[in-house]
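Trainee: Chains as they are written, first to last, in this note's numbering: chain G, 1414 to 1767; chain B, 1414 to 1767; chain R, 1414 to 1767; chain A, 1414 to 1767.
Mixed in with the good hints, there may be bad ones.
Identical copies look the same in the list; a pair holds intra-copy or inter-copy alike.
To be verified - Derived SDA-like pairs (lysine to any residue); straight-line CA-CA distance at most 20 Å:
no., residue 1, residue 2
1, Lys1555, Val1578
2, Lys1667, His1698
3, Lys1477, Ala1503
4, Lys1642, Glu1664
5, Lys1477, Gly1420
6, Lys1652, Tyr1689
7, Lys1548, Glu1518
8, Lys1667, Arg1444
9, Lys1555, Pro1662
10, Lys1555, Leu1480
11, Lys1745, Ile1601
12, Lys1652, Thr1663
13, Lys1721, Arg1522
14, Lys1548, Leu1456
15, Lys1642, Lys1652
16, Lys1555, Pro1544
17, Lys1721, Val1578
18, Lys1642, Glu1661
19, Lys1642, Gly1688
20, Lys1548, Ala1442
21, Lys1745, Ala1602
22, Lys1652, Val1641
23, Lys1745, Asn1627
24, Lys1721, Ile1524
25, Lys1652, Val1611
26, Lys1642, Pro1662
27, Lys1555, Asp1659
28, Lys1548, Arg1455
If you are wondering where the hints come from, they were derived from the structure by calculation, not from laboratory data.
There are 4 protein chains.
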Amino acid sequence: MRDSQLGIGVVGYGYWGPNLVRNFSINPAARVVGVSDLDPGRLAAIRQLYPGVATTARYDDLLKDSLIDAIAIATPVHTHYELAMAALRAGKHVLVEKPLAPSAELVSRLIDEADRRGLTLMVDHTFLYTPAVQKIRELLLKRELGDIYYYDSIRSSLGLFQRDVNVIWDLAVHDISIIHHILDQEPIAVSATGSCHVVGSPENMAHITLFFANACVAHVSVNWLSPVKVRQTFIGGSKKMIVYDDLEPTEKVKVYDKGITLDRPPESAHQFRIGYRAGDMWAPHISPKEALQTEVEHFVDCVRTGTKPISSGMSGLRVIEVLEAASRSIAKQGRPIPIRQLPRILPEETRATA
Amino acid sequence: MRDSQLGIGVVGYGYWGPNLVRNFSINPAARVVGVSDLDPGRLAAIRQLYPGVATTARYDDLLKDSLIDAIAIATPVHTHYELAMAALRAGKHVLVEKPLAPSAELVSRLIDEADRRGLTLMVDHTFLYTPAVQKIRELLLKRELGDIYYYDSIRSSLGLFQRDVNVIWDLAVHDISIIHHILDQEPIAVSATGSCHVVGSPENMAHITLFFANACVAHVSVNWLSPVKVRQTFIGGSKKMIVYDDLEPTEKVKVYDKGITLDRPPESAHQFRIGYRAGDMWAPHISPKEALQTEVEHFVDCVRTGTKPISSGMSGLRVIEVLEAASRSIAKQGRPIPIRQLPRILPEETRATA
Amino acid sequence: MRDSQLGIGVVGYGYWGPNLVRNFSINPAARVVGVSDLDPGRLAAIRQLYPGVATTARYDDLLKDSLIDAIAIATPVHTHYELAMAALRAGKHVLVEKPLAPSAELVSRLIDEADRRGLTLMVDHTFLYTPAVQKIRELLLKRELGDIYYYDSIRSSLGLFQRDVNVIWDLAVHDISIIHHILDQEPIAVSATGSCHVVGSPENMAHITLFFANACVAHVSVNWLSPVKVRQTFIGGSKKMIVYDDLEPTEKVKVYDKGITLDRPPESAHQFRIGYRAGDMWAPHISPKEALQTEVEHFVDCVRTGTKPISSGMSGLRVIEVLEAASRSIAKQGRPIPIRQLPRILPEETRATA
Amino acid sequence: MRDSQLGIGVVGYGYWGPNLVRNFSINPAARVVGVSDLDPGRLAAIRQLYPGVATTARYDDLLKDSLIDAIAIATPVHTHYELAMAALRAGKHVLVEKPLAPSAELVSRLIDEADRRGLTLMVDHTFLYTPAVQKIRELLLKRELGDIYYYDSIRSSLGLFQRDVNVIWDLAVHDISIIHHILDQEPIAVSATGSCHVVGSPENMAHITLFFANACVAHVSVNWLSPVKVRQTFIGGSKKMIVYDDLEPTEKVKVYDKGITLDRPPESAHQFRIGYRAGDMWAPHISPKEALQTEVEHFVDCVRTGTKPISSGMSGLRVIEVLEAASRSIAKQGRPIPIRQLPRILPEETRATA
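Okay, chain G solo, but in the shape it has when bound (with noise of 0.2 Å):
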């Protein structure tokens, strides 16, 4: 069996870890071997559900078994840096759930072990792993929607207030690695503003504008103080327009053939008139595959194979810098910070052999 599936190690059996536990199980090329938490009662459900998976209090029973390639990590995000830099230390593979660390600073460690060691360092953005947002790149890579105008998202619900991190860390991390993985570009200053109603809490509210080198901007409002829940990404083209909800059953992403027309090129500007085209609407079937589903086979593939993952950890830290970069302007109630641009590796490239 060790020849053919790979060994898995689950760290954190609290909201995430069940979903990295179940889909890890009924992956064919994978096998579950052990998972660790600290709560006595979460090991008991383990092992009711799953009796063939070795239950422990100690991380370092995980790191030790030879049995385990590769560790995915679901605990709070102030322990992921440890926690990865340790199982990437004991050889193991890592998969980290977002974000991938505190700081950009230790992302950039865990990245240099993970490529010294020759091991896959991937991070959990599971929404580049859904239908819809895939359906979205595809759109947009054909070029379906012209130049891109704007993305602008909508993030809120009730709860859940974290401790350790943020709204933006929490919520806003999303967008920012969808806008990463759907534009052909990526932001170069963000302005960020955020308000905490909940004293000695990190903010719970946040708006963030993401500048590009171009005329495109992202717009990102999270909230965990919101009455009804929603989750709303409109992104405007020169040609077309999408809606995408991720709370509608089935038609979660529509796009509009809508727009304005300019009866002279832009160029005479005093000139131009402004019309508005109205079109028909379309809405793509959308599999209703579930993300992590995806993002499992995706992890065990790179693995196997030594591609870098869609979210490699250079990915992950594109992300951080953001993420870095806004709680700055958050600070500084909105004042404009320039955003580290990092090579940008494409997912194709494939990393040098161990």
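Based on the hints, put chains B, R and A in the right spot on chain G.
Mentor: Just chains B, R and A now, with coordinates in the frame of chain G:
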């Protein structure tokens, strides 16, 4: 008839003017005496619909007409100041479409002129007169929501691109006036970002954060280039929260008995646990009365009694101060700009008689 | 002007009459000559809005007016026959609000009279002229949906209770006319149930099933006593399905590429397996043009050219036959009642010249 | 463990069986002892998820197992009678998926057998245990809606076509059980129509009208071949009205303070005028608790205490009587069929001890 009805002149019969003429016409205390517009076709349309109304291409004709007591201005923004000042100098009361004028400086001059002459100067902040906003204000005044945490609004659609003002002067102006009207405090600083997707046009998309002296925050998102029309406002409070959707035919205002709970007093910040509370939702009946009808009644009443209007010149000035500061912030990519604080005159106060 | 414009008289200026007057007024090929109504207040309203239109409390004045070529009738249903017959006898073309008359017998007499005199008799089945229904008809004619399995419609709201007809004569009449218009076959029998919740009033709620010669079925649910307004129609076909929601501001017609698949030909019924197919959804752009404007153009055109209208007297008669049969079925608690089959006259056919 | 937990056997592990096993497993007062199914793959799936549960392809193994006190049946409808009767004869309490059996005759035999042996016979009318239906029942019992005028329901989606029962036995059964549960009277006759769009299959679309002794009426529309899923129920009363949308994530039940008003008492029917009243809307908080969890608790409780279940065999019989009458009406294209009236046994009544 002179004694019983206020004589009204309307200048501008494009998009908004017909609504003014119609609402003044059905108000028994007013009479539309004349309308001026530069387009002969529009004037012909008026004559067909309202045979008793004089039409003219010369604004001066209205100013000279002694049967006209008040002028309603519905022309492009850059003409507001000149037309309003001329009307005041001719001794007419004035109702001006929003925004009152293109700068705070010009608005101040109009206020001074009106005050000096004891004339009513009112700005057409129509939303303040909608039954929905009146209901929200009533709920907030009664502290039904507890402490207000945030006001977060989206106002977008495809069109109508304007030439002489950007999208915040056209759309965000509604939210700024609502915020001033329903909250018991005013913003002290603003961070805003905006973008322009049509070369040579003003910004067609903007995001504005308003900071208050306490933890309350307001955010306004406006867009002329959206595939679908959105008019949604979320208001979060410590006790309840509101979703106000102006496109809903009947249930425009929904009050959610939802929120967070804290186990310990906020003082012992390290100890408390956040809980979530989900109770009933309640949508109060909202009268279908047209806002402009109420507004016209209020204008006529203010002129007759000398009462300061709810949307007085000073109220319009406070809005303009925010728009100007937001425009400056947009030019600096979100850098926060303080907002000049003006003395707040309660609507209940009456002005000194001339 | 006589030569170039059709002279129109309108009788009844209550709920629907103002729409007729407005739409005939803006039609360049027609001119509203006079309006009659029994209520002096309504007549005054007309004179204020349309100073060029003569008003009268005597219907006879319209009939005698030689400038009037055609009469549009918008009065209670029980008066339709008498007013329409008088108009035809006075040599006027006639447009009658739906339903054409309270019985098939009376409708037949109107048809005979109009045919004998070579006059246009048209019934105001407004929905046939909506861009949405026109688009649906176009899709069905092109067999985009394959074989039509069903038409299932809900039309409900709070009010307007009528006194002289029950809810099927008021609301289901719309669906019956649409069904006749978009399907290439007509119902052969009907089973209907209805109930009355206000003592002394006609039925305010009804459900109608229409049987066809093949497996196609139509169902219409109507209700004057619904807490919310609903205008939804589902059309199922062997290839595609439609959801038509008339309350949607823009995406009124949605075409779903969904359905079932059979593994084996239907002949070997015991063997096949049913599968489900889910593809894209598509919402064709629907023109915002007002239906009554199109209808008035069509009426004027039919009068001028002698063409049979789409909603001819005979078309109205077929609708009445269904309503009468449905009423009989309601009285018998759903017992099926056959529908008298009438010769189908294609709209393209022209009538014999008088 | 025998003393403290009810031993459960489940037969059938297809669509619904896994839900039963899961809910009995998490109920501390029950223990799933064994599951039988004919498909070895399903049995393997059970063993993986529930290693402590015995699996078998022979139903008899469950009946013979003395650790099993009660049998839950989740197999095709045509097998219900035989399996349930065998279980009762083996002295087991029985919970049967809806509908209880394919005919009233067979259901009566099961009731007799259960009564004779003092065993609990319960039918799995899951909707009766949803928090939404419980809330609606509570509102109706408190007469919040006044007199009930109608219950009008739509239950449609694409699939799941069944082979051995038509759509009313599969979907309308839910509404019939709800109607019996929330109204204080039962239907006396039924008119129904149905159609079949797949040759050789049972009816996939049907419309049912239920008549009551008074003006109350119920209508149920069911469809296996709908492009979109709909689960909507409208309940009209003399004082208030309800819209219950089971697909709404949180606001499933909306109570509208709307209705008609009569100027005169209904006695002087010729004189009154109908008015319309529009007040607030209120959406009570609905618990997110899974219905089957509540149902399983109730079953265990009924077995232990000898209480008649809410969804007792007799309650299931009343539902079957309606389904049979509706089927007869469908065969006669809507002809009304009287419904056999059964003695109503209040859920509060306890059965005679065995």
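Trainee: One pair to classify: Lys1652 and Val1641, alpha carbons no more than 20 Å apart. Within, between, both, or neither?
Mentor: Answer is between; shortest inter-copy Cα gap is 15 Å, intra-copy 32 Å.
Trainee: Evaluate Lys1555 and Val1578 at a C-alpha cut-off of 20 Å and name the case that applies: within, between, both or neither.
Mentor: neither (37 Å within a copy, 35 Å between copies)
Trainee: Can you give me the call for Lys1745 and Ala1602, within, between, both or neither, at a CA distance of at most 20 Å?
Mentor: both (14 Å within a copy, 12 Å between copies)
Trainee: If the cutoff is 20 Å on CA atoms, where do Lys1642 and Gly1688 land: within, between, both or neither? Let me know, please.
Mentor: between (35 Å within a copy, 17 Å between copies)
Trainee: What label fits Lys1642 with Glu1664 when the C-alpha limit is 20 Å: within, between, both, or neither?
Mentor: both (17 Å within a copy, 12 Å between copies)
Trainee: Measure nothing new, just compare the shortest in-copy and cross-copy C-alpha distances for Lys1555 and Pro1662 to 20 Å and report within, between, both or neither.
Mentor: neither (26 Å within a copy, 30 Å between copies)
Trainee: From the Cα coordinates, with 20 Å as the cut-off, is the pair Lys1745 and Asn1627 best called within, between, both, or neither?
Mentor: between (25 Å within a copy, 16 Å between copies)
Trainee: Since the copies are identical, ignore which copy is meant and state whether Lys1721 and Val1578 lie within 20 Å (CA to CA) inside a copy, between copies, both or neither.
Mentor: neither (28 Å within a copy, 48 Å between copies)
Trainee: For Lys1667 vs Arg1444, is the C-alpha pair at or below 20 Å within one copy, between two copies, both, or neither?
Mentor: For Lys1667 and Arg1444, neither the intra-copy (38 Å) nor the inter-copy (44 Å) Cα distance is at most 20 Å.
Trainee: Check Lys1548 against Ala1442 for me: Cα-Cα at most 20 Å, and say if that holds within a copy, between copies, both or neither.
Mentor: neither (26 Å within a copy, 47 Å between copies)
Trainee: Using 20 Å as the alpha-carbon threshold, which applies to Lys1548 and Arg1455: within, between, both, or neither?
Mentor: Neither: 37 Å inside a copy, 34 Å across copies.
Trainee: Check Lys1548 against Leu1456 for me: Cα-Cα at most 20 Å, and say if that holds within a copy, between copies, both or neither.
Mentor: neither (38 Å within a copy, 37 Å between copies)
The structure fails hints 1, 7, 8, 9, 10, 14, 17, 20, 27, 28 (numbered hints given earlier, in ascending order).
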